[in-house]
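In case you want the letters, here they are:
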Amino acid sequence: MPLLEVDNLTVEFPTRRGILKALDRVSFTIDKGEILGVVGESGAGKSLTGAAIVGLLERPGRIASGQIRLDGSRIDNLAPEPLRRIRGRRIGTIFQDPLTTLNPLYTIGRQLVETMQTHARLSDSEARRKAIGWLERVGIPAAAQRIDAYPHEFSGGQRQRVVIALALCAEPALVIADEPTTALDVSIQAQIITLLKDLTRDHGTSVMLVTHDMGVIAETADRVAVMYAGRIAEIGPVADVVRRPAHPYTDGLMASIPSLEHRVDRLRQIDGAMPRLDAMPDGCRFHPRCPRAFARCTEQQPELMAAGATQAACWLHAVS
Amino acid sequence: MFGFIGSRLLQAIPVLMVVGFIAFALFAFVGDPVSILLGQDHTEAQRIALVHQLGLDQPFYVQYVKFLWTCLHGDFGVSYRLAQPVGSLLAERLPATLELAITASVLAFAIGVPMGVYTGIHRDSLLSRVFMVGSLMGVSLPTFLLGILLILCFSVALGWLPSFGRGPVVHVGSWWTTGFTSWAGIRALILPGITLGLFQMTLIMRLVRAEMLEVLRTDYIKFARARGLTNRSINFGHALKNTLVPVITIIGLQFGGIVGFSLVTETVFQWPGMGLLLVQSVAVADIPVMSAYLLLIALVFLLINLIVDLLYYAVDPRLRIGR
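Taken in sequence, the protein lines are chains S and H.
Positions 3 to 322 (this note's numbering) are the ones given, in order, by the first sequence.
Positions 275 to 597 (this note's numbering) are the ones given, in order, by the second sequence.
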């Protein structure tokens, strides 16, 4: 049984001008110890999917239909209190910008101790010892002294290490990492990704790695889900999605990444922009930008279907 | 830390001198104490003798320097009206005003902060709307009207609370008097305390609410939620503490304002504090009292600013850099 099952998840935002569907029947699973990469343009619904899973959708957003199951039991319809106990303890979250995710008025030790004591019965001294241990594990030098330092006394990369320690300190089974390296210097990005990968492998933690950096996905993830306009366009093993993309959108996405091996004069680009939520085209949401669109694409919305080693929501792979 | 406090106290000296100068200059051209003191029937000789006795025949700046010089020796002159040393006059009135101001501020803080937190968290609840509309009235109701309405309601109609005065007071130490020790003294504090504190309370509530709304949107609050911390810890531990810096500033300045300008409330309730003394002194152009009063209020503001700055450092570790 997979650790996390997301089944036909639909998220809506009721507005004055009508109901906007931000996620439309999104389905995927994450196995124990697996790293699932989620890529897509800004606004494709990557972060929203993560927020829906931990029950932190911002108002007025709401889960309209579908199910989310953790270890086989539903968590999408839980009351606030049981859901709160899942956050941090069963599902950890890492945010994008380490400069703003730590409370500036408390020492990092206090924030770690508070998080651990919220989820487990620990004496103050025990919690403090464990907090030092976590800081050492995420590579903060002189952790025993630094534990009483405030967030502003750390560099950006170190703060993201602290954020990772905070997300993992209650030993969750799943970590949702929402663009964990986007706000960091390139030289730090690789360190943070390696750290995250090592720590989650050691603890057998599953990861949902949201990013728009295909390079990070290719090196880290086992499988990858490509999102477009609130739907999953393609999902499959990383190697297959990268080398033999089945969806024209994935294909365009891969071709627009510069490569050192194959120098080209001009990178290919996908013309146009992702449609706005209140102006979704009929049929396949990608068809206005798709170079291979045909009549059926404008009329009928494709569901995920087998396409070689991956699954793609594209009529090109329909068994007619 | 001590260097910081020391330098701030040194900076206070020129501020006090400037305030003293302005106060003195202002009063030198306002009203004529001599004619008020002598009444209508007096000879020119009496008048000249009194002017000479008070030192009013000397140039203005000489009077000012003399005033400063005697102030430095702890002597603030003698009241024209009451013929008593101003220093002991103010010292006698100071406890009444401070007790009233502290009562009003504690009321405002103890009620305003929880209301602000509540309205910040439960934005759309009915109770929040009631608080918001009520606070609008609190902000716009003039102090004297509120005081009179409270007297009408609780003293005249219901007869529950005294309408004027401080009630019985007890001497503590050499010059401090307190009304806190007896039930009658506390009862006398209630109405003027509410009158003086209501505006501050609504102000604090609205400020805390606005700051809470701001802070609850920040990433670190979202991260705290994502770590599964309890709502109580998030709202009161993480969010409220981050709203405190602006709230401390306003409360500090407001406390200065309450001490300095409680005169309306003191007049309405005939509260024997410094504000009432000032109103009575202005009526007869009692220059020494008014000058000393302004100096004292300036000193209060300076001390409060110093305390506010120290509280900043206590609350926000980022401000401690380089200190």
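Because the hints were derived from the structure by calculation, they are not lab data.
What you are looking at is a predicted structure, and each value in this text was computed from that prediction instead of being measured.
One or more hints might be untrue.
[As the list claims (entries may be wrong)] Stretch-level coverage of chain H by chain S, calculated; a stretch enters the list once three of its residues show a Cβ under 8 Å from a Cβ in chain S:
(1) 491-503
(2) 508-521
(3) 586-593
Using N, Cα and C, we set each Cβ at its ideal position, and we do this for glycine too.
Evaluation of the provided hints:
no., hint, in the structure
1, 491-503, "holds (count 11)"
2, 508-521, "holds (count 4)"
3, 586-593, "holds (count 4)"
Figure legend: structure checked against the earlier numbered hints; every hint is met.
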